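Asks: Those protein sequences? They're chains G and H, same order as listed. The numbering of the first sequence is my numbering, which starts it at 1 and goes up by one. The numbering of the second sequence is my numbering, which starts it at 1001 and goes up by one.
Hints should not be assumed to be uniformly reliable.
[As the list claims (entries may be wrong)] To spell it out: a stretch of chain H is covered by chain G in this simulated footprint if at least three of its residues, at any positions, have a beta carbon under 8 angstroms from a beta carbon of chain G; those stretches are:
no. : stretch
1   : 1047-1060
2   : 1073-1079
3   : 1278-1290
If you're looking for bench data, these hints aren't it; they were derived computationally from the structure. Just so you know, these numbers come straight off a predicted model, no measurement behind them. Every residue gets a Cβ at the ideal spot worked out from N, C-alpha and C, and that includes glycine.
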Amino acid sequence: MNSRDRILGRVRRALADVPPDDVPYERAVSRDYLRQHGERGTEETVDLLAENLADYRAIVHRCDADALPRLIAHLLGERGSKTVLVPPGLEEDWPAVVGVTRVTDRPDATARELDRVDSVVTGCALAVAETGTLVLDGSPDQGRRRITLVPDHHICVVRVPDQVVSSVPQALDRLDPTRPLTWISGPSATSDIELDRVEGVHGPRTLEVVLVSGK
Amino acid sequence: MSATFLGMPGSPVFPPFPRAAHDAVRDTTLRGNLRHATHTIRAKRAAAVAEMPDWAALRAAGRQIKDHTLRHLDRYLVRVEEAVTAAGGTVHWAADADEANRIVASLVKATGEREVVKVKSMATQEIGLNEALEAEGIRAYETDLAELIVQLGHDRPSHILVPAIHRNRGEIRDIFRSEMGEWGRPAPEGLTDAPAELAEAARLHLREKFLRAKVGISGANFVVAETGTLVVVESEGNGRMCLTLPETLISVVGIEKIVPTWRDLEVFLQTLPRSSTAERMNPYTSMWTGTTDGDGPETFHLVLLDNGRTDTLADEVGRQALRCIRCSACLNVCPVYERAGGHAYGSVYPGPIGAILSPQLRGTTSEIDASLPYASSLCGACYEVCPVAIDIPEVLVHLRERVVEGGPVTRAGNKVLLKPAKGHAAERAAMRAARWALTRPGALRGGQRLASRTRRFHPRALPGPGRAWTGTRDLPPVPVEPFRDWWQRTHGGREAAK
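Can you build the whole structure from these sequences, using the hints too?
Replies: Here's what the structure looks like:
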């Protein structure tokens, strides 16, 4: 007998007490928890997102679509970044900055090459206000998972209010599980040393979020 | 079939809990570190939970989802296999630790690699994977900061979430200074004990390994049966490194980690971070379904691990321990854990959950496992904070009965009759005496009155086999008047209230 059959056989014997007409899944779980916490208008939801992002040490900026390229140029300049990585599908002219080399991610770019890049700019799939979370799903404007991980500085652009949901249940509703998903809440952090929170271990130590409104 | 191995490699025989705890409580540094850590996280968790007015409903839903999955686990296991395979992954089944280790070692060897990077994972610690790989000439690098501290310190983890909770910053600095060079990039010159500097040292040390790694090994917090999606919840980004940079990813996952549908994650992604690190959301969560062209590993293996879980499932009272989502909230509120520390439990699963999980996964025949159900004050705080409502005190009492009385249990899939444990003769005699007295109200009444009248002559410690009990406890004083007499006299306090 192989281990698959052995394990499944043990499970079935262990569950001899469970009647064949046991309560089906749909009725076994009561979903009377909230779909979101608190009543908020669109503006307030965006404000809550900004507040919770900042609470977890992300640096939050707000601007309209026209001012976005200028703001990104300013952020890269402020940090002294010489190179900025962009996913191939980021068509907008956001990081068109004088003095900064724009590097487009290639499928064969190694982790070591990414490690030499100063900053990365991406979009996102959505953002969750109640938890201050950005979700990336590997769409062309977000790129491979590794590009938002290896460089030390990540600028993530969120279109408000379209890309903002209130809560985790609402986020899962809108996401596609077949895509690789990365949920990001603030920069990399650890609490392993005396439970003191330290920002920045392996992921980007600086996370800047631009909430951009208007088209 | 080999016995279930549950971690703590290197020293296979552990003293029973009372002896280990006896030494641990005398270690003042350990107690100071633990007290600081557990009190900090306790207060934070309470605040994070208080933000959620529907906490009770989320907790109930979490319990129901897990219970339902466990009651139909065969069906969901098969569904996971189908979904992961359809998404481009390969599924392996491991009945015990040895088999899981053999599978992982042969998968690593097939890549031609001799080193792997690891995401912190309870399942791989449980099976002693690092040591098994070492024996095959493969070096496994732990990449979680706390696991790195434990690995460099030739130490054992003492907490589910923060395995180096027993170490303070000074100890960590000393370990980094003396050991990092042995494993790769040495600690920077003049490293101080500031947490930010220590984290930076770990970043530099580990980045070398991440950038060259060809094989990553992880566990998973959840596996979605409907879609074949695996979920890893973490903070540092070491998880993301191991899950996306290597060409091959191997995930070792206990069969109890399954949830039926994608939607079920809405419950656990709300309860797990708040219960474990007391955050609204942990910094990073990765979800992957098989492989994705051009993004992340090209090869993905899922090893489904039994290692005593089906035996636990066979116990109708004890199976609720398999609901555990490894948040560690029960450790942080437990007065026994706070004083004894994680090592005293002699298992990778310490604290209240360890006290019910380890004796079920491994059986209660060893001295350490027979002692674990007693490593509790039964105060119930663990049940209060558990986000999936595991009634830990109920299972503890159930396991105590099993230890004392013996009875039918399932081991490695077979029903066996467990003999009563040695050394519990006094307890069995006391239980028999209690049964006799409690079924004879007259005798009980007479005895209580006699005890009250002779209370001045009672010794402070019990003689005979009872001495062991009073060796670590004060004998409670007998009241002046038996409760029944007081009730009769006052009509249940109504007289006294007047």
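Asks: Would you say the stretch 1047-1060 of chain H counts as covered by chain G, given the rule of at least 3 residues with C-beta under 8 angstroms?
Replies: holds (count 7)
Asks: Can you take a look at whether the stretch 1278-1290 of chain H is actually covered by chain G? Rule is 3+ residues, C-beta closer than 8 angstroms.
Replies: holds (count 11)
Asks: Three residues minimum, CB to CB under 8 angstroms: does the stretch 1073-1079 of chain H make the cut for coverage by chain G? Let me know.
Replies: holds (count 4)
Hint compliance for this structure: every hint is met.
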